[in-house]
Amino acid sequence: MNPVARGSIQSGLEALPARLGHHLQGATNWLIHRSRPALLQLSASWRRSLQLRVATTTTIVTGLIVLLIGVFLVDQIGKGVLKAKRDASISQASLGLESATAQFEGLTPGDLSGIRQAVDQITSDPTPSTGPLSGSLFTKVVRSTDQAVNRQLGVSQLIPDELRRQVDRGTMAVQYAPVRVPGQSGEAPGLIVGQPLTTQAGAFELYYLFPLTAEQKTLGLVQRTVLIAGLALVLLVAAIAALVTRQVVRPVRVAAQTAGRLAGGALSERITVSGEDDIALLGESFNNMANSLQQQIRRLENLSRLQQRFTSDVSHELRTPLTTIRMAAELLYGSREDFTPALARSVELLTNELDRFESLLADLLEISRYDAGAAHLETEQVDIRGIAERAVAAAGSLAARHGVELRAELGDRPVLAEVDARRVERVLRNLLGNALDHAEGRPVTVRVAADEAAVAVTVRDEGVGLRPGEAALVFNRFWRGDPSRSRLTGGTGLGLAISLEDVRLHHGWLQAWGARGRGAVFRMTLPRVAGGPLDSSPLPLEPPEVLA
Amino acid sequence: MKPRVLVVDDDSSLAEMLGIVLRSEGFEPAFVPDGSRALSAFREVKPDIVLLDLMLPGMSGIDVCRAIRAESGTPIIMLTAKTDTVDIVLGLESGADDYVVKPFKPKELTARMRARLRRYDEAGGETLLIGPPDSAVSIDVQAHQVVRDGAQISLTPLEFDLLVALARKPRQVFTREVLLEQVWGYRHAADTRLVNVHVQRLRSKVERDPERPEVVLTVRGVGYKAGPP
Chain G
171 MNPVARGSIQ
181 SGLEALPARL
191 GHHLQGATNW
201 LIHRSRPALL
211 QLSASWRRSL
221 QLRVATTTTI
231 VTGLIVLLIG
241 VFLVDQIGKG
251 VLKAKRDASI
261 SQASLGLESA
271 TAQFEGLTPG
281 DLSGIRQAVD
291 QITSDPTPST
301 GPLSGSLFTK
311 VVRSTDQAVN
321 RQLGVSQLIP
331 DELRRQVDRG
341 TMAVQYAPVR
351 VPGQSGEAPG
361 LIVGQPLTTQ
371 AGAFELYYLF
381 PLTAEQKTLG
391 LVQRTVLIAG
401 LALVLLVAAI
411 AALVTRQVVR
421 PVRVAAQTAG
431 RLAGGALSER
441 ITVSGEDDIA
451 LLGESFNNMA
461 NSLQQQIRRL
471 ENLSRLQQRF
481 TSDVSHELRT
491 PLTTIRMAAE
501 LLYGSREDFT
511 PALARSVELL
521 TNELDRFESL
531 LADLLEISRY
541 DAGAAHLETE
551 QVDIRGIAER
561 AVAAAGSLAA
571 RHGVELRAEL
581 GDRPVLAEVD
591 ARRVERVLRN
601 LLGNALDHAE
611 GRPVTVRVAA
621 DEAAVAVTVR
631 DEGVGLRPGE
641 AALVFNRFWR
651 GDPSRSRLTG
661 GTGLGLAISL
671 EDVRLHHGWL
681 QAWGARGRGA
691 VFRMTLPRVA
701 GGPLDSSPLP
711 LEPPEVLA
Chain A
47 MKPRVLVVDD
57 DSSLAEMLGI
67 VLRSEGFEPA
77 FVPDGSRALS
87 AFREVKPDIV
97 LLDLMLPGMS
107 GIDVCRAIRA
117 ESGTPIIMLT
127 AKTDTVDIVL
137 GLESGADDYV
147 VKPFKPKELT
157 ARMRARLRRY
167 DEAGGETLLI
177 GPPDSAVSID
187 VQAHQVVRDG
197 AQISLTPLEF
207 DLLVALARKP
217 RQVFTREVLL
227 EQVWGYRHAA
237 DTRLVNVHVQ
247 RLRSKVERDP
257 ERPEVVLTVR
267 GVGYKAGPP
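If you read the sequences in order, they're chains G and A. Numbering (my numbering) for the first sequence: 171 to 718. Numbering (my numbering) for the second sequence: 47 to 275.
Please note that the accuracy of each hint is not assured.
Said to hold, decoys possible - Simulated pairs of lysine to any residue, SDA-like, Cα-Cα distance not exceeding 20 Å: (1) K151(A) / L492(G); (2) K128(A) / L520(G); (3) K153(A) / E507(G); (4) K92(A) / K128(A); (5) K92(A) / E74(A); (6) K128(A) / E507(G); (7) K128(A) / L534(G); (8) K128(A) / E548(G); (9) K128(A) / L530(G); (10) K151(A) / S474(G); (11) K128(A) / S474(G).
Quick caveat, the hints were computed from the structure, so don't treat them as lab data.
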């Protein structure tokens, strides 16, 4: 296609992206500078909304395809229109050649007035009534190959040199160039057909100048139509994509929300299923899953309730006769001086073993309560130091019996935390009992410390310690470090296991460290706020002097 | 005069054993094995203190406790085999002053009973004032009377003791452990549930709005204190 024609047709199309780009850049700058939050929100919904993503990508892809098709269409139509015009112009020009030659009949090369008359006759010749372009406006120009003649004739219409050279070579030539439109000022894109005009008065060139105004109008209309149709198509596709995605996405969203509520404990949540399509299938499967989950959980809950009930019943049934036995034993124990030595010793043994039996029963019931999931945390804001003080005081007599020095480094600032004081005290009592049991006469130290998120209590002894790998075993039920060791305190073997459960209930940590002959450290770390996160402990597990 | 004890327990061996222990400790026990007959026995015996098993045939210990509490402030000590907080709090909320978990040592039980029977030294006819000045709670220690806004408030002896303990040292903060020792006679044992439940019961009687207490104030992380007089 000729550069001029293409330029005129495509200038609109080319200018559009440039203008749009300019606007877009301006808009983006504005967005970035003035409304970063809005941009963030947009990127957030881009990441979250499948619907937005699908609709946008579909729109972009469709837009590109429609743009390609549009450009191709406009190009083809333009080419077709121009070709038709060109063919018609050429045949129109060929038709005119003969009559133009006739105008020069009988003239000699020097007859300038005759030539001017002939030229005027040809160029002023009104719109021909014959030929393919009859009735349309065009102008004719006659030029001489001789520049002097041209000057005298006063030929004003500019003809491109390139075209003239071709015509001078004696062939018909066609070129697109701006032409003056008859009856109008200014120039318009046009088509110039040039042909040599050989007469008795010399060699002339006959140019037909056809303005392409009508064609330009037609192509403009085609462009606008294609543009509007394309835009409408893109919008339509975007709407369809959004609608279709919505149909798929909505049930998925409903399923996600329902799953969330299910996970939150609303076990009777279900999806309303309608129809028989894939989405309905999803809903049905989801509901089936929820049903079977609910059944399983109910069964487990039932089991747990039964277990809890059993524990409670066993507890009551065992405790009542035990109370009677306990009272009878105490009564006997009170008057053991009146008995024979054998009887008196028997009563002593009976009483002591009753104590052991009782604590074993209490521990067994406690641990089965944990196993049944019946243990609940009752937190309140308390000073951990107070609990530690009570536990240390309670362990005082045991420490004295073992000849162990009990040190408490509790600090002088209150250490407040939201904990179940009863359970924490039980943990500390267990840890202290355990430490005293293994201290071998060396001191036992209790430390309390806190940071923003956690409180920690360590109980350290410098006794037998633990063998490698035993730190993980000490919390096992009825685990005994050295089976040959005689039991001093008559611990039940469940103390540390219960302590671990107590700490777990607080979402805390209970850890042990030990080295053979260097003692052991038990560290309890609890979040200061019930259920709060725990990343580190305010106290080291391994004693600093061991690390150094 | 020997203090009279009403033992409500369906286990005949335990009841008999309790009888032996109580008599040897200087109490005068009476027995009723059935919850439904407990209230009539209570009216008949007029005990100084009640020992109440929570698992009873006929009528549950909780209901017996409520029924007795509805007509009298006589100290009630629960005998319970259940250590779950729910059970204990339920028992305390139904009006029991204290509880003993089975199996208990006889000494522990009698110490607890004596603490409940021991009254404050009512030396001098002092009148204590606590709470907001415009509507102070006035406690006549000798007459065992509590008056607020001209109306008499009926408190059980335990609630009265609790209030007097707080009111005698109005600026002091009492930890729950100290209260347990002063009011309930505990040593070392720290069942703060006992204090919490009774403070709530006390508040429901003396406060204008128990949700926003003015008389018995909570000191977070420490304990309780009396409102400024």
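Status of the hints after comparison with the structure:
This hinted pair checks out: K151(A) and L492(G) have alpha carbons roughly 11 Å apart, not beyond 20 Å. Of the pairs offered as hints, the one joining K128(A) and L520(G) is violated, with about 25 Å between alpha carbons and a cut-off of 20 Å exceeded. For the suggested pair K153(A) and E507(G), the alpha carbons sit about 19 Å apart, so the restraint of at most 20 Å is met. Between K92(A) and K128(A) the alpha-carbon distance is near 28 Å, which puts this suggested pair outside the 20 Å criterion.
A C-alpha spacing of about 12 Å is found between K92(A) and E74(A), which places the hinted pair at or below 20 Å, so the restraint holds. For a cut-off of 20 Å, the pair hint linking K128(A) to E507(G) is broken: about 35 Å separates their Cα positions. Restraint check for K128(A) and L534(G): satisfied, since their Cα atoms lie roughly 14 Å apart, inside the 20 Å limit. Our distance criterion of 20 Å between C-alpha atoms is met by K128(A) and E548(G), whose separation comes to about 17 Å.
Proposed proximity of K128(A) and L530(G) is supported: the alpha carbons are some 16 Å apart, at most 20 Å. A hinted pair counts as satisfied when its Cα atoms are at most 20 Å apart, and K151(A) with S474(G) does not qualify at roughly 32 Å. Taken as a hint, the K128(A) and S474(G) pair is honoured in the structure, with Cα atoms around 17 Å apart against an allowance of 20 Å.
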